[in-house]
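Residue numbers (our numbering), protein chains in the order written: chain A, 355 to 555; chain B, 355 to 555.
Treat the hints with care, since some could be wrong.
Which copy is meant is left open, because identical chains are indistinguishable; a pair holds if it fits in one copy or across any two.
Simulated crosslink set (EDC-like; lysine to aspartate or glutamate; CA at most 16 Å straight-line) [claimed, not checked]:
{"id": "1", "residue 1": "Lys526", "residue 2": "Glu458"}
{"id": "2", "residue 1": "Lys514", "residue 2": "Glu458"}
{"id": "3", "residue 1": "Lys454", "residue 2": "Glu508"}
{"id": "4", "residue 1": "Lys539", "residue 2": "Glu447"}
{"id": "5", "residue 1": "Lys357", "residue 2": "Asp484"}
{"id": "6", "residue 1": "Lys539", "residue 2": "Glu422"}
{"id": "7", "residue 1": "Lys539", "residue 2": "Asp516"}
{"id": "8", "residue 1": "Lys514", "residue 2": "Asp450"}
{"id": "9", "residue 1": "Lys357", "residue 2": "Glu456"}
{"id": "10", "residue 1": "Lys514", "residue 2": "Glu398"}
{"id": "11", "residue 1": "Lys553", "residue 2": "Glu456"}
{"id": "12", "residue 1": "Lys419", "residue 2": "Glu482"}
{"id": "13", "residue 1": "Lys415", "residue 2": "Glu425"}
{"id": "14", "residue 1": "Lys506", "residue 2": "Glu398"}
{"id": "15", "residue 1": "Lys415", "residue 2": "Glu376"}
{"id": "16", "residue 1": "Lys419", "residue 2": "Glu376"}
{"id": "17", "residue 1": "Lys438", "residue 2": "Glu510"}
{"id": "18", "residue 1": "Lys553", "residue 2": "Glu422"}
{"id": "19", "residue 1": "Lys454", "residue 2": "Glu495"}
{"id": "20", "residue 1": "Lys553", "residue 2": "Asp484"}
{"id": "21", "residue 1": "Lys506", "residue 2": "Glu482"}
{"id": "22", "residue 1": "Lys553", "residue 2": "Glu510"}
{"id": "23", "residue 1": "Lys371", "residue 2": "Glu456"}
If you are wondering where the hints come from, they were derived from the structure by calculation, not from laboratory data.
There are 2 protein chains.
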Amino acid sequence: MNKGIPIVISAPSGCGKDTILEQLFKINDNLAYSVSATTRAMREGEIDGVSYHFHTRESFKSMIKNNEVLEYTEYCGNYYGTPKKAVQDMLNEGKDVILKIEVEGAMNIKKIFPECVLIFILPPSFAELDRRLRKRGTETEETIAARIAQAKNELEFADKFDYLIVNGELEKAVTDVNTVILSEKMAAKRNSQLLEQIKNS
Amino acid sequence: MNKGIPIVISAPSGCGKDTILEQLFKINDNLAYSVSATTRAMREGEIDGVSYHFHTRESFKSMIKNNEVLEYTEYCGNYYGTPKKAVQDMLNEGKDVILKIEVEGAMNIKKIFPECVLIFILPPSFAELDRRLRKRGTETEETIAARIAQAKNELEFADKFDYLIVNGELEKAVTDVNTVILSEKMAAKRNSQLLEQIKNS
Chain A
355 MNKGIPIVIS
365 APSGCGKDTI
375 LEQLFKINDN
385 LAYSVSATTR
395 AMREGEIDGV
405 SYHFHTRESF
415 KSMIKNNEVL
425 EYTEYCGNYY
435 GTPKKAVQDM
445 LNEGKDVILK
455 IEVEGAMNIK
465 KIFPECVLIF
475 ILPPSFAELD
485 RRLRKRGTET
495 EETIAARIAQ
505 AKNELEFADK
515 FDYLIVNGEL
525 EKAVTDVNTV
535 ILSEKMAAKR
545 NSQLLEQIKN
555 S
Chain B
355 MNKGIPIVIS
365 APSGCGKDTI
375 LEQLFKINDN
385 LAYSVSATTR
395 AMREGEIDGV
405 SYHFHTRESF
415 KSMIKNNEVL
425 EYTEYCGNYY
435 GTPKKAVQDM
445 LNEGKDVILK
455 IEVEGAMNIK
465 KIFPECVLIF
475 ILPPSFAELD
485 RRLRKRGTET
495 EETIAARIAQ
505 AKNELEFADK
515 FDYLIVNGEL
525 EKAVTDVNTV
535 ILSEKMAAKR
545 NSQLLEQIKN
555 S
């Protein structure tokens with residue numbers, strides 16, 4: 355059995371990343387999702403190991419020190435990060451692991467997993483992104499302007515990714531992400547074992 | 355409009371390359387096929403520019419000299435080669451151009467078209483390849499042995515390709531080749547223009 359592939363999905367806020375992933379898991383049954391670790395308090399209804407892996411600050415700091423997180427950030431006084439072992443276990447089981455990581459953090463993953471695939475989800479245009487953010491009805495003018503500015507900044511990293519997928523129409527974007535994953539499974543560099551088997555057949 | 359991608363398809367004899375391509379053109383309407391040039395005599399029923407581009411030895415030699423062929427070989431006293439301009443014209447029209455080139459020749463294409471995609475079609479096993487060659491009913495024991503030996507030799511180049519696709523079941527192999535082509539269209543390196551458009555939107 356081949357090892358799975360770490361698939362990093364990044365996108366500016368409002369590009370429909372979560373909806374794409376939700377649909378993607380319905381059409382590809384070889385995917386696994388990396389549950390993040392955090393030091394923030396567990397909220398009502400949350401389950402340890404499903405919503406998050408809940409840690410004390412000390413335990414999280416020791417994870418960082420022991421190189422047990424793929425990447426982490428500190429936000430509002432709490433740590434958030436991607437546990438390395440869980441991801442590695444799923445990869446060893448042959449699962450392709452979806453890592454939902456913010457754009458700048460994604461750049462560091464390739465150093466840890468050189469075999470990973472970096473996918474950047476793009477809005478069709480900033481006008482459309484603006485329209486989608488307004489449609490939510492929950493954002494202030496200020497927040498919308500801030501999100502657009504952040505998206506513009508994040509797009510500066512897009513050319514460092516392996517694939518660019520425009521989320522114009524949801525169904526197409528989902529198929530596109532899946533096409534990239536299925537294609538990467540056939541990359542020669544990931545199939546040296548298969549090649550040896552056929553050579554020796 | 356983006357330029358098309360040169361797609362090199364190579365496979366040992368008996369791996370079903372021609373059948374795969376025939377089916378592939380039915381499901382992907384953005385493909386074009388590169389018609390080879392040759393110096394051999396035109397046979398009955400053949401059409402110049404469709405079956406082959408027919409050339410005199412002098413004209414073919416001058417094409418080689420002027421760097422107008424992507425690759426060429428001499429076989430049974432005749433030249434066979436891939437005309438460069440026709441391929442470039444189709445690429446400029448945005449067509450993805452299928453280049454059916456034998457395994458060793460494929461290695462040279464990347465020097466001319468660094469953006470090309472190299473796909474190697476594999477048999478599921480040598481036992482299966484042997485079975486398929488026998489099934490044709492036209493091959494002698496000697497020819498079969500020679501083809502298997504040649505296939506073994508060609509498989510030594512397989513790890514130099516970008517993708518490995520096993521032709522176990524025809525329909526799956528056709529879908530797999532198409533998946534690779536569609537995925538490569540989304541490669542970030544091929545979409546810098548799209549990215550600029552969105553950045554400036």
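We went through each hint and held it up to the structure:
1. In this assembly of identical chains, the alpha carbons of lysine 526 and glutamate 458 never lie at most 16 Å apart, being 26 Å within a copy and 37 Å across copies at closest.
2. For a Cα distance limit of 16 Å, the shortest separation of lysine 514 from glutamate 458 inside one copy, 10 Å, qualifies, whereas the shortest one across copies, 32 Å, does not.
3. Taking the shortest Cα distances, lysine 454 and glutamate 508 sit within 16 Å of each other inside one copy (15 Å), while across copies they are farther apart (40 Å).
4. Proximity of lysine 539 and glutamate 447 under a CA criterion of 16 Å is satisfied intra-copy only: 15 Å inside one chain copy versus 30 Å between copies.
5. For the identical chains of this complex, lysine 357 and aspartate 484 are neighbours neither inside a copy (40 Å) nor across copies (30 Å), given an alpha-carbon limit of 16 Å.
6. For the homomeric pair lysine 539 and glutamate 422, neither the shortest alpha-carbon distance inside one copy (26 Å) nor that between copies (36 Å) is at most 16 Å.
7. Taking the shortest Cα distances, lysine 539 and aspartate 516 sit within 16 Å of each other both inside one copy (14 Å) and across copies (11 Å).
8. Taking CA atoms no more than 16 Å apart as the test, lysine 514 paired with aspartate 450 passes in neither setting, with 21 Å inside one copy and 24 Å between copies.
9. Proximity of lysine 357 to glutamate 456 under the C-alpha cut-off of 16 Å is found in neither arrangement, the shortest distances being 24 Å within a copy and 31 Å between copies.
10. For a Cα distance limit of 16 Å, the shortest separation of lysine 514 from glutamate 398 qualifies neither inside one copy, at 39 Å, nor across copies, at 54 Å.
11. Taking the shortest alpha-carbon separations for lysine 553 and glutamate 456, neither the intra-copy value of 42 Å nor the inter-copy value of 18 Å comes in at or below 16 Å.
12. For a Cα distance limit of 16 Å, the shortest separation of lysine 419 from glutamate 482 qualifies neither inside one copy, at 42 Å, nor across copies, at 52 Å.
13. When the C-alpha separation of lysine 415 and glutamate 425 is checked against a cutoff of 16 Å, the pair qualifies only within one copy, where the shortest distance is 12 Å, while the shortest distance between copies is 58 Å.
14. Taking the shortest Cα distances, lysine 506 and glutamate 398 never come within 16 Å of each other, neither inside one copy (35 Å) nor across copies (62 Å).
15. Within a single copy, lysine 415 and glutamate 376 get their C-alpha atoms no closer than 31 Å, and across copies no closer than 58 Å, so neither meets the 16 Å cut-off.
16. Neither within a single protomer nor between protomers do lysine 419 and glutamate 376 lie at most 16 Å apart by alpha-carbon distance, with minima of 33 Å and 56 Å respectively.
17. When the C-alpha separation of lysine 438 and glutamate 510 is checked against a cutoff of 16 Å, the pair qualifies neither within a copy, at 27 Å, nor between copies, at 36 Å.
18. For the identical chains of this complex, lysine 553 and glutamate 422 are neighbours neither inside a copy (38 Å) nor across copies (36 Å), given an alpha-carbon limit of 16 Å.
19. For a Cα distance limit of 16 Å, the shortest separation of lysine 454 from glutamate 495 qualifies neither inside one copy, at 27 Å, nor across copies, at 56 Å.
20. In the homo-oligomer, the alpha carbons of lysine 553 and aspartate 484 lie at most 16 Å apart only across protomers (14 Å), although the nearest pairing inside one protomer, at 54 Å, exceeds that limit.
21. Taking CA atoms no more than 16 Å apart as the test, lysine 506 paired with glutamate 482 passes inside one copy only; the shortest distance there is 13 Å, against 54 Å between copies.
22. In the homo-oligomer, the alpha carbons of lysine 553 and glutamate 510 lie at most 16 Å apart only across protomers (8 Å), although the nearest pairing inside one protomer, at 44 Å, exceeds that limit.
23. Taking the closest pair of Cα atoms, lysine 371 and glutamate 456 come within 16 Å of each other only inside a single copy of the chain (11 Å); across copies the shortest separation is 42 Å, beyond that limit.
Comparing the model with each earlier hint shows violations of hints 1, 5, 6, 8, 9, 10, 11, 12, 14, 15, 16, 17, 18 and 19; every other hint is respected.
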